[in-house]
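**Q** Sequence:
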Amino acid sequence: MPRMAKINRKARRFGLFSRSDRTVNYEGGIAFTMTPKMELYTRVATALVGEPKFYEPSAEGDRALLQLIGTVAKGDPEFILKLAVHCRRDLHLRTIPVVLLVEACRHESKQFVRRYAPHIVQRPDELTEAIAYWKRLFGDIGDQAEKGMLSNPLKRGLAEAFENFDAYQLAKYDRDGEVKLKDVLKIVHPKPKTPERSEIYRLLRERELPIPETWETYISVHGSTKENWEHILPKMGYMAKLRNLRNFLDKGVDLEPVLEHLTNRKAVRNSKQFPYRFFSAYRELENLPSPETPTVLEALETALEISVENVPEFKGTTFISADNSGSMQAPVSARSKVKRAEIADVLQAIAKEICDKAITSVFAQGFKVVHTIKSAGILANTRRFQETDVGMATNAFLAIRYLTRERVDVDRILLFSDMQCYDTRDPGRYYGRPKGASLAEELKQYKANVNPDVYLYSVDLAGYGTAQFPGTEPRVCMIAGWSERLLNFIRIFESVGTGALEAIDKIRLEALDEARKGAREEEPVEE
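Quick note, the sequence shown lines up with residues 6 to 532 if you use the working numbering.
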């Protein structure tokens, strides 16, 4: 026990055990509470509504989310809508922005709903999702005056959002769900500005818009053959091609037009894919015995590199560590094979790509530095991180302890994790009284002994509601999400000291309105 006692003395010296914001996480490890606004941000940026997490049932997570919306709306009502814009525009999420939009109608945020709705609803089926969610909360619209009436700001906002979509988009997403687009049309009564628009709404109401031929319906009817895939290829979007690469290889489809599209700069940027989508495709194909496989893998690498071209470079030396622990191995949803560990490793590989100099590593029960070279590519380096065995627990503190022990002077530290970190040597965590090592303590040690001016970026990939560092810790920035665009916050934080919440708060309706003029998404993004 002498080693543990020594650790305890150090922690008390830095005052971590006596802080009022100190708490424990799901593993009983030392953690810190967040402000309601920060907790809301970390939850929604990593949220798949209705999906369980490793430590948290879906109902518990959804309940915490709704409570936070109400709390934050009381103090800063407009922030709820700004956060929805950020999630849709910057993080490319679909469901959670709709939830935020509709929930805003129940709180002080209601006054901002109409103006923000057209900037949040970016696909026609989000119109139907908004009404379906409202009905889930209040029942059928119109059945009772006090329950069934649609909020007027939401009604007017959705009506304006109809103008975001042309006839093709409306027809493509006119599906046979609980709520159909014709239902939304009848409820919100958008006012057409031209005779042509009036005719589109009439056809939509009668469900007579020409139905676009989609790859799903065509292949379902005609069969998965080389000829049929090549027939429908021109009508397939970016994500559809990305998801069907294995089918193309299996059926011997001519890959030239496919790979030309996947590596087209404009197409890549408009597709707004999460980085892990490329790794998912890579993982699915890497062992296929086709002579075309290496060409396809090279195209995936090219596409991913294009997608991160606009992320600013990090000057100086950066230390990066990704959480590969057991809790990070669970899929992000019941319908997905993607693991949070893969998201962490892809983001680490991307970060390495844009650094002047970097040390990359992974942690779980143990810790290992994993040297990679840029010429290997982001996807191959991701695979290298994935294949490094560090056990299943989450001794994250070992990452920063390594820097202190080896006296490695770095300008910044990036940690990608679900933030359920602890010390496996500490029996106190089983009783709610952890006294072991922690990331917060190790950062204090590093600042005291190596570099007092180091920046640290704690990237939350799960949103469980606790942090690994106090919110008042200097030069620490908390970020959340799965998109490479979150790395933009690093440049902002180091140049002007603005964190994620401050950046979101700077979203302005006037700028959104200007950007919306004449702008449409070239290709919708699926969540």
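Incorrect hints may appear among the rest.
[As the list claims (entries may be wrong)] Only pairs whose alpha carbons sit at most 20 Å apart, straight line, appear in this in silico SDA-like list of lysine to any residue:
(1) K191 / P239
(2) K246 / E213
(3) K246 / P299
(4) K231 / E221
(5) K191 / E221
(6) K42 / F474
(7) K42 / K379
(8) K240 / R274
(9) K344 / E291
(10) K187 / E213
(11) K344 / S488
(12) K187 / R210
(13) K452 / R388
(14) K240 / D259
(15) K198 / K240
(16) K140 / D179
(17) K342 / R274
[What the hints assert, rightly or not] Computed beta-carbon distance windows for the label pairs:
(18) T298 / N157: 51 to 59 Å
(19) R270 / Y173: 18 to 26 Å
(20) E411 / P239: 52 to 60 Å
(21) Y60 / K196: 42 to 50 Å
(22) R270 / T298: 17 to 25 Å
(23) Q370 / E221: 25 to 33 Å
(24) N315 / G396: 31 to 39 Å
(25) E168 / N315: 37 to 45 Å
(26) K256 / R210: 48 to 56 Å
(27) K256 / D458: 27 to 35 Å
(28) E218 / K256: 13 to 21 Å
(29) A516 / R438: 45 to 53 Å
Keep in mind that the hints were calculated from the coordinates and are not lab data. Ideal Cβ positions, reconstructed from N, Cα and C, are used throughout, including at glycine.
**Q** All hints, please: hold or fail.
**A** Results of checking the hints against the structure:
Of the pairs offered as hints, the one joining K191 and P239 is violated, with about 34 Å between alpha carbons and a cut-off of 20 Å exceeded. About 28 Å separates the Cα atoms of K246 and E213, which puts this hinted pair outside 20 Å; it is violated. Note on K246 and P299: the hinted pairing holds, with a Cα-Cα distance of about 17 Å set against a maximum of 20 Å. Taking the CA atoms of K231 and E221, the gap is near 15 Å; set against the 20 Å cutoff, the hint holds.
For the hint linking K191 to E221, the alpha-carbon distance of about 29 Å lies beyond 20 Å, and the restraint is violated. Distance restraint check for K42 and F474: the Cα-Cα separation of roughly 16 Å lies within the 20 Å cut-off, and the hinted pair is therefore satisfied. Annotation: proposed proximity of K42 to K379 is violated, straight-line Cα distance about 38 Å (limit 20 Å). The suggested pairing of K240 with R274 holds, with an alpha-carbon distance near 19 Å, which does not exceed 20 Å.
At roughly 18 Å between alpha-carbon atoms, K344 and E291 fall within 20 Å of each other, so this suggested pair holds. For the given pair, K187 sits about 11 Å from E213 by alpha-carbon distance, which is consistent with the 20 Å threshold. For the proposed pair K344 and S488, the alpha carbon gap of about 14 Å is at most 20 Å, so the pair holds. About 5 Å separates the Cα atoms of K187 and R210, which keeps this hinted pair within 20 Å; it holds.
The straight-line distance between the Cα atoms of K452 and R388 is roughly 32 Å, outside the 20 Å bound, and the hint therefore fails. Only pairs whose Cα atoms come within 20 Å are accepted, and K240 paired with D259 is accepted, the gap being roughly 15 Å. Under the criterion of a C-alpha separation no larger than 20 Å, the hint pairing K198 with K240 is inconsistent with the structure, at around 30 Å. Annotation: proposed proximity of K140 to D179 holds, straight-line Cα distance about 19 Å (limit 20 Å).
Distance check on the hinted pair: K342 and R274 sit about 24 Å apart at the alpha-carbon level, beyond 20 Å; violated. At about 56 Å, the CB distance of T298 to N157 agrees with the hint of 51 to 59 Å. Here the CB-CB span from R270 to Y173 is close to 24 Å, well matched to the stated 18 to 26 Å. Taking 52 to 60 Å as the suggested C-beta distance range, the pair E411 and P239 conforms, at roughly 55 Å.
A hinted range of 42 to 50 Å for the beta carbons of Y60 and K196 is consistent with their spacing of about 48 Å. In this structure, R270 and T298 meet the distance hint of 17 to 25 Å, their C-beta atoms being roughly 24 Å apart. A hinted range of 25 to 33 Å is violated for the C-beta pair Q370 and E221, which are about 43 Å apart. Taking the beta carbon of each, N315 and G396 are about 36 Å apart, inside 31 to 39 Å as hinted.
For E168 and N315, the hinted distance range of 37 to 45 Å is not satisfied, since their beta carbons lie about 29 Å from each other. The given range of 48 to 56 Å is broken by K256 and R210, whose C-beta atoms sit roughly 40 Å from each other. Here the CB-CB span from K256 to D458 is close to 57 Å, at odds with the stated 27 to 35 Å. Between E218 and K256 the beta carbon distance is about 19 Å. The supplied range of 13 to 21 Å therefore holds.
Separation of A516 from R438 is about 49 Å and conforms to the stated range, judged on CB atoms against 45 to 53 Å.
Checked against the numbered hints listed earlier, the structure breaks hints 1, 2, 5, 7, 13, 15, 17, 23, 25, 26, 27; every other hint is satisfied.
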